[in-house]
Amino acid sequence: MVNTMVEQPRLVMNNEEVIENIKKFNSEVALYATGDQDSSITLLVENISHYRAWYAYWDKDEHKYLFAPSKYIGYQNMDAKQYAELNRSYLDGRKTEIVLSNWYQTLDESSDSYEDLRTKLSDYCWNHNKSLNALFRINVLKQENEKDILEKDLVDLIYKVYLGLSSENKELVKRKIMNSL
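Under the numbering used here, the first residue of the sequence shown carries the number 3, and numbering increases by one thereafter.
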């Protein structure tokens, strides 16, 4: 007997997986313009007008924003073929938006960068002969405040200093920390 059960896709666990998926989405959609695509790539492009929750990522290598929808980037190791196979039955944008909210927030229309990103996203859609969904949202990485950034830098510095200590001094630091708890 053949097992016809489809394995449920797993949600992303960290922002690195999200960024990988955003890049993959953009590279797959780019195949459409070259004519080097199959039906799964075509489905991604055909759905551009249907995507509501878009995620923007500044790609330092390409010096531009990359955009991708939550329903694609919220699952581990997503690609066009898997998206096409699972889209109707197993992919749920509500679930992906919950997990993506760990690292991203919806950009407020009053934000200084909103109009610029909306224009870039609209242009992205038009480049594929699609229009932006009327109910679209743009999500960007959460902004950390300066205190949080400085504190993380300080923790990194303390850890690097700790790694450079002798074994005896590492033990001394551990005892002092344990005694202060």
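Accuracy of the hints is not assured; some may be wrong.
Simulated pairs of lysine to aspartate or glutamate, EDC-like, Cα-Cα distance not exceeding 20 Å [as the list claims (entries may be wrong)]:
id: 1; residue 1: K62; residue 2: E19
id: 2; residue 1: K144; residue 2: E117
id: 3; residue 1: K144; residue 2: D38
id: 4; residue 1: K144; residue 2: E173
id: 5; residue 1: K25; residue 2: D61
id: 6; residue 1: K144; residue 2: E9
id: 7; residue 1: K66; residue 2: D118
id: 8; residue 1: K62; residue 2: E111
id: 9; residue 1: K62; residue 2: D38
id: 10; residue 1: K83; residue 2: E117
Derived from the structure by calculation, the hints contain no laboratory data.
Against the structure, the hints:
1. K62 x E19: holds, 17 Å
2. K144 x E117: holds, 18 Å
3. K144 x D38: With a Cα-Cα distance of about 35 Å, the restraint between K144 and D38 is violated, given a limit of 20 Å.
4. K144 x E173: violated, 37 Å
5. K25 x D61: Status holds; Cα separation ~9 Å.
6. K144 x E9: violated, 31 Å
7. K66 x D118: Distance of about 12 Å is within 20 Å: holds.
8. K62 x E111: violated, 25 Å
9. K62 x D38: violated, 26 Å
10. K83 x E117: Violated, at roughly 33 Å.
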